[in-house]
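Got chain A; can you put chain B on it based on the hints?
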Amino acid sequence: MKDGAHRRRLPAAIAELMRWGTIIGSILVGAATVGTTVNASWAVPVAVADVSVFVMLPVIRVVMMLAAYASAMDVLYVWITTALLVLLAAATVVGLLVS
Amino acid sequence: MAGGIFVVPLLTLFAGASFPTAVAVSLVSVIACSCASAPQFLSARLVNLRLAAVLELATVAGSVVGVLLVGSIAPGILYGLFAVVLLVSAAQMLRPRRSAQPLGSGWGERLRLASSAPDAGGVDQRYHVGSLPIGLSLMFGAGTLSALLGIGSGVLKIPAMDAALRLPLKVSSATANLMIGVTATGTAAAYLILGKVDLVLAGPVVLGSVLGAVLGARAMVRVNGSVLRVAFVLVLAALAVPMGLTAFGIEIGPLR
Numbered sequence: 001m002k003d004g005a006h007r008r009r010l011p012a013a014i015a016e017l018m019r020w021g022t023i024i025g026s027i028l029v030g031a032a033t034v035g036t037t038v039n040a041s042w043a044v045p046v047a048v049a050d051v052s053v054f055v056m057l058p059v060i061r062v063v064m065m066l067a068a069y070a071s072a073m074d075v076l077y078v079w080i081t082t083a084l085l086v087l088l089a090a091a092t093v094v095g096l097l098v099s
Numbered sequence: 001m002a003g004g005i006f007v008v009p010l011l012t013l014f015a016g017a018s019f020p021t022a023v024a025v026s027l028v029s030v031i032a033c034s035c036a037s038a039p040q041f042l043s044a045r046l047v048n049l050r051l052a053a054v055l056e057l058a059t060v061a062g063s064v065v066g067v068l069l070v071g072s073i074a075p076g077i078l079y080g081l082f083a084v085v086l087l088v089s090a091a092q093m094l095r096p097r098r099s100a101q102p103l104g105s106g107w108g109e110r111l112r113l114a115s116s117a118p119d120a121g122g123v124d125q126r127y128h129v130g131s132l133p134i135g136l137s138l139m140f141g142a143g144t145l146s147a148l149l150g151i152g153s154g155v156l157k158i159p160a161m162d163a164a165l166r167l168p169l170k171v172s173s174a175t176a177n178l179m180i181g182v183t184a185t186g187t188a189a190a191y192l193i194l195g196k197v198d199l200v201l202a203g204p205v206v207l208g209s210v211l212g213a214v215l216g217a218r219a220m221v222r223v224n225g226s227v228l229r230v231a232f233v234l235v236l237a238a239l240a241v242p243m244g245l246t247a248f249g250i251e252i253g254p255l256r
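Protein sequences, first through last, are from chains A and B. Reminder that position 3 of the first sequence reads as 3 in the working numbering, one-by-one numbering, no gaps. Reminder that position 143 of the second sequence reads as 143 in the working numbering, one-by-one numbering, no gaps.
Read the hints as simulated data drawn from the structure, not as lab findings. Just to be clear, a hint being listed does not mean it is correct.
[Unchecked claim] A short, non-exhaustive set of chain B residues, derived as facing chain A with CB atoms under 7 Å: (1) 28; (2) 39; (3) 42; (4) 44; (5) 53; (6) 61; (7) 65; (8) 200; (9) 202; (10) 208.
[To be verified] Beyond 12 Å from chain A on every Cβ pair, some chain B residues (computed): (11) 10; (12) 14; (13) 38; (14) 40; (15) 74; (16) 106; (17) 119; (18) 123; (19) 131; (20) 162; (21) 163; (22) 211; (23) 227; (24) 231; (25) 233; (26) 244.
Cβ coordinates follow ideal geometry from the N, Cα and C atoms, glycine included.
Here chain A stands alone, though its shape is the one from the complex (with noise of 0.2 Å):
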């Protein structure tokens, strides 16, 4: 019962997260970008942030995962989420090591 209601809700939590990330994110972008042509010096910071809210949409995705699957008792799909949760932090500290 409690497996079949998350399956209903996940994917509509994740669509709104997107929905409203992208919202967010476009807004930043379209700041920064008007930012950058009048030389403010608020640009850089909020295009840091544009970027920085796109990178991070996956990611809360993954731990919206994680948290559903640990709520219904899923042990399988919590360690799955957790595992690429890792690999992500795995990539990320491999690309800073490596460039």
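Same frame as chain A, now just chain B:
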């Protein structure tokens, strides 16, 4: 398709960006494209979230290998590899799709990956997932290419989901679209922290990707698929030629 396959050639050939700069900007645009079109596909119940999580293990592991290879591959080889990816993508577009559904493999059943999605008439159709080991291997390659070339790697994800996993076409497109965001995130985060993302260039590219993704997801149902396919093949082939020439040190003057 996330558009990275167009962004990198356009930035390197027309905007004069270096290959690493184009890759960093393209990865951010790929994530933005994935995020922008995801709500539409999730609302339509076309995304298999469990399958996405399983396959993302392979794509992200592949991206770690890709990141390790980045510094050791000469730019000429990367341009050549990109030209090959463009041509293979064009060939994929022309290939007929498989429609036969598998009964479900051992791994697919154990991981409870079977699901249902609405067909063209809106009626829910149950589907099973085919050979997961082959699918995971192809996804690993897709992740490596994604980190190396700054693309979403639809070129490998489409055959993986179509031929190996035997998913319905709309389910594979929607699930792959969600996956490309996570695949690109690890590498993009490293580039962002290191300050290698050209923020001035990234802004317009990201906005364009978001707009294109939203309009594309809505138009997908109305546009004539075969006309779109032919147009895509022509554009991909047209971009493959200068990328291939650059790989051999021949730069086409007016483009740079």
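Verification of the supplied hints:
Here the hint on residue 28 of chain B is kept, as its CB sits about 5 Å from the closest CB of chain A, short of 7 Å. For residue 39 of chain B, the shortest C-beta to C-beta distance to chain A is roughly 4 Å, which falls under 7 Å, so the interface hint holds. Using the Cβ-Cβ criterion of 7 Å, the hint placing residue 42 of chain B at the interface with chain A is satisfied: the shortest such distance is roughly 4 Å. Because the smallest distance between the Cβ of residue 44 of chain B and any Cβ of chain A comes to about 10 Å, over 7 Å, the interface hint for this residue is violated.
Interface hint at residue 53 of chain B: satisfied, since its Cβ lies 5 Å from the closest Cβ of chain A, which is below the 7 Å cut-off. At about 6 Å, the closest approach between the beta carbon of residue 61 of chain B and any beta carbon in chain A falls short of 7 Å, and the interface hint on this residue holds. For residue 65 of chain B, the interface hint is violated, since its Cβ never comes within 7 Å of a Cβ in chain A; the closest pair sits about 9 Å apart. Restraint check, residue 200 of chain B versus chain A: the minimum CB separation of about 6 Å is within 7 Å; hint holds.
The interface hint given for residue 202 of chain B holds, since its Cβ lies 6 Å from the closest Cβ of chain A, which is under the 7 Å cut-off. The closest approach between the C-beta of residue 208 of chain B and any C-beta of chain A is roughly 10 Å, which is over the 7 Å cut-off, so the hint fails. Every CB of chain A lies more than 12 Å from the CB of residue 10 of chain B, the least distance being 18 Å, so the non-interface label holds. No beta-carbon of chain A is positioned within 12 Å of the beta-carbon of residue 14 of chain B; the least distance is around 19 Å.
Remark: the non-interface label on residue 38 of chain B conflicts with the geometry, its nearest Cβ contact in chain A lying 4 Å away (cut-off 12 Å). A Cβ of chain A approaches the Cβ of residue 40 of chain B within 12 Å, the least distance being about 8 Å, so the stated non-interface status is violated. Non-interface call for residue 74 of chain B relative to chain A: holds, since the shortest CB-CB distance, roughly 16 Å, exceeds 12 Å. Chain A leaves residue 106 of chain B outside its interface by the beta-carbon criterion, the shortest separation being 15 Å against a cut-off of 12 Å.
The Cβ of residue 119 of chain B lies farther than 12 Å from every Cβ of chain A, with a closest approach of about 18 Å, so its non-interface assignment holds. Every CB of chain A lies more than 12 Å from the CB of residue 123 of chain B, the least distance being 18 Å, so the non-interface label holds. For residue 131 of chain B, the shortest C-beta to C-beta distance to chain A comes to about 19 Å, beyond the 12 Å cut-off, and the non-interface label holds. With a least beta-carbon separation of about 23 Å from chain A, residue 162 of chain B lies farther than 12 Å from that chain, consistent with its non-interface assignment.
Under the 12 Å C-beta cut-off, the non-interface status given to residue 163 of chain B relative to chain A holds; the minimum distance is some 24 Å. In this structure residue 211 of chain B is not separated from chain A by more than 12 Å, as the shortest Cβ-Cβ distance comes to only about 9 Å. Remark: the non-interface label on residue 227 of chain B is consistent with the geometry, its nearest Cβ contact in chain A lying 28 Å away (cut-off 12 Å). Consistency note on residue 231 of chain B: stated as away from chain A, and its beta-carbon is indeed over 12 Å from all of that chain's, at 26 Å minimum.
Here residue 233 of chain B stays apart from chain A, with its beta-carbon at least about 29 Å from theirs, past the 12 Å limit. Residue placement check: residue 244 of chain B keeps its beta carbon more than 12 Å from all beta carbons of chain A (closest about 26 Å).
Violated hints, in rising order: 4, 7, 10, 13, 14, 22; the structure is consistent with all others.
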